[in-house]
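Participant: Sequence:
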Amino acid sequence: MLAKLSTYSLFGIQAAPVEVEVDISPGALPKTIVVGLAEGAVKESTHRIERALVNSGYQRPVDRIVINLSPAELPKEAASFDLPIAIGLLAASGQLESARFEDYAAVGELALEGTVRNVKGALAMAIAARDQGKKGLLVPVVNAQEAAVVEGIEVIAVSTLAEAVGFYSGQLHLTQIPFSWHEVTAKYGGYDIDYADVKGQEMAKRAVTVAAAGGHHLLMLGSPGTGKTLLAQRLATILPDLSPVESIETTQIYSAVGLLKDGQSLLLQRPFRSPHHTVSEAGLVGGGSTPSPGEISLAHHGVLFLDELPEFNRRTLEVLRQPLESGHVTISRAMGSVTFPASLMLVAALNPCPCGYRGDPRRSCNCSPMQVEKYIGKISGPLLDRIDIHLEVASVPFRELSDQTTGTTSTQMREQVVAAREIQAARFQSDKTTLNGRMTTRQIRKYCKLDAPAESLLKSAMEEMGLSARAHDKILRVARTIADLDRSPHISSVHLNEAINYRTLDRNYWA
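Residue numbers for the sequence shown follow my numbering, beginning at 5 and rising by one.
Heads up, a few of these hints could be off.
To be verified - Calculated cross-link-like contacts (lysine-lysine; reagent style DSS-like; alpha-carbon spacing at most 30 Å):
(1) Lys-463 to Lys-453
(2) Lys-138 to Lys-47
(3) Lys-47 to Lys-265
(4) Lys-139 to Lys-8
(5) Lys-436 to Lys-382
(6) Lys-8 to Lys-35
(7) Lys-35 to Lys-139
(8) Lys-450 to Lys-463
(9) Lys-436 to Lys-450
(10) Lys-191 to Lys-265
(11) Lys-463 to Lys-265
What the hints assert, rightly or not - Simulated restraints, written as ranges between beta carbons of each label pair:
(12) Glu-315 to Glu-206: 21 to 31 Å
(13) Gly-470 to Pro-493: 28 to 38 Å
(14) Gly-137 to Glu-206: 50 to 60 Å
(15) Leu-461 to Gly-267: 18 to 28 Å
(16) Ser-163 to Ser-341: 32 to 42 Å
(17) Thr-409 to Ala-473: 22 to 32 Å
(18) Asn-370 to Gly-267: 50 to 60 Å
(19) Gly-137 to Gly-411: 54 to 64 Å
Calculated from the structure, these hints are not laboratory results.
From the three backbone atoms N, C-alpha and C, an ideal C-beta is built for every residue, glycine too.
All chains should be modelled from the sequences, with the hints used to inform the complete structure.
Facilitator: So this is what it looks like as structure tokens:
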């Protein structure tokens, strides 16, 4: 007999429809053949599935079995095919009859005793099932809340092979898994950290507020212990809440790489990723024989923090240049190309010299000019050009550390950020651009017009600091954000002067 079921294969962060065909015919010797570009994990699954069938009380077919996974040119390498193949074996051997195979797809890995284990990419698979017109999708219990986010499709949670058989046969009634946005928000929303924890550094908090308001990339330079990491870790707390669309996009990435917690349906906190400086190019931007997302995609709609920036491999840092501009990264392999989203805020931190104390009034620096130049020279000029705000983080004096007065809190900073972003949303309502930090050259000319004094100030700064055309545009983007924070429709000399001050590291260290 021949049985057909629908399932899905993950490629990148998207799921592609796969049809499982199981044919059982008489043969002199029992033999199981899996065709359809199945990788090792799928070919090995036949032994796992056979024992799961026997241990669940079903008969193992002893004839010639051919399992075809269509389309044949699509690589299949996950264990999520276990459940549909097992159901297909039961149907093809006459142990299961069902009219639900056409309407309900299935995904899941089987344990030897017949329990259904979780899979990666359940959210993407639920989206693909809905787009394919399926009525429902059977998923492991652990993945049920994640898949239930998708509207327009029934998500059926099964914990064992027997439950899946009972549902397909109609003997067991399983209800659709509900989803409540308010319950998820109450459970997974909110942050445990706050900018009130950072003593002093009010000027640095101002720069962080500007960066968050316009989606600008930020570089912080200062001696060890000045609070650079504390400032970066709390940046997500002042960004607006993830919208439902942003939350689903981010969750889909984490689901595809298996980083979503068991039972968690959505990511509601903005991602904060801080890879070690030994990270490889593939680890940072994505890669592998079957492309998978890297750190920049895991930071999508969030913050990517690169601490000790000069310690990163220079070639690894250079691969960031294109994604920072475009907001996505494309990985090309022989089997095809995959595009991963990478719309993020880059925050980098570094010391001013190898010892870390150049310019510190309390500690002496023993680094020679050549050592400093070599240390800072590990970062290329083109990469620095793509970072909008350069900030010097000074040491905090003792009186500010011991002061019991609470500084600027995340709530206060967030109110300013949200107000500025509302202004930007109204400005770019008919454009794809939503933030000042993403403005095109044409939009800069339209929305960043300067009066004569401001234009003269910018010209002087360009000539004195030797800035590039890209840095010129960065200054105007930042100035536009500062004006939005000030609720000003025009960019004044005051706004422009503050924006220029955020590029002074060009002159001090790299000019």
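Participant: With reference to the structure, classify each hint as holding or not holding.
Facilitator: Evaluated hints:
Between Lys-463 and Lys-453, the direct Cα distance comes to roughly 14 Å. Compliance with the 30 Å bound is thereby established for this hinted pair. For the hint pairing Lys-138 with Lys-47, the CA-to-CA distance comes to about 27 Å; that is within 30 Å, so the pair holds. Among the hinted pairs, Lys-47 with Lys-265 is consistent with the structure: their alpha-carbon atoms are about 28 Å apart, no more than 30 Å. Under the criterion of a C-alpha separation no larger than 30 Å, the hint pairing Lys-139 with Lys-8 is consistent with the structure, at around 16 Å.
Between Lys-436 and Lys-382 the alpha-carbon distance is near 35 Å, which puts this suggested pair outside the 30 Å criterion. Distance restraint check for Lys-8 and Lys-35: the Cα-Cα separation of roughly 19 Å lies within the 30 Å cut-off, and the hinted pair is therefore satisfied. Restraint check for Lys-35 and Lys-139: the C-alpha separation of about 34 Å exceeds 30 Å, so the hint is violated. Between the alpha carbons of Lys-450 and Lys-463 the distance comes to roughly 19 Å, so the proposed pair stays at or under 30 Å and holds.
Distance hint between Lys-436 and Lys-450 is fulfilled; the C-alpha atoms sit about 15 Å from each other, no more than 30 Å. For a cut-off of 30 Å, the pair hint linking Lys-191 to Lys-265 stands: about 13 Å separates their Cα positions. Distance restraint check for Lys-463 and Lys-265: the Cα-Cα separation of roughly 52 Å exceeds the 30 Å cut-off, and the hinted pair is therefore not satisfied. In this structure, Glu-315 and Glu-206 meet the distance hint of 21 to 31 Å, their C-beta atoms being roughly 29 Å apart.
Checking the proposed 28 to 38 Å range against Gly-470 and Pro-493 shows it holds: the Cβ atoms sit about 31 Å from each other. For the hinted restraint 50 to 60 Å between Gly-137 and Glu-206, the CB-CB distance of approximately 56 Å keeps it satisfied. Separated by about 56 Å at the C-beta atoms, Leu-461 and Gly-267 break the suggested range of 18 to 28 Å. The given range of 32 to 42 Å is respected by Ser-163 and Ser-341, whose C-beta atoms sit roughly 38 Å from each other.
Distance hint for Thr-409 and Ala-473: a CB-CB separation of about 44 Å, inconsistent with the stated range 22 to 32 Å. The hinted window of 50 to 60 Å between Asn-370 and Gly-267 holds, with their beta carbons roughly 54 Å apart. Between Gly-137 and Gly-411 the Cβ separation comes to about 55 Å, which falls inside the hinted range of 54 to 64 Å.
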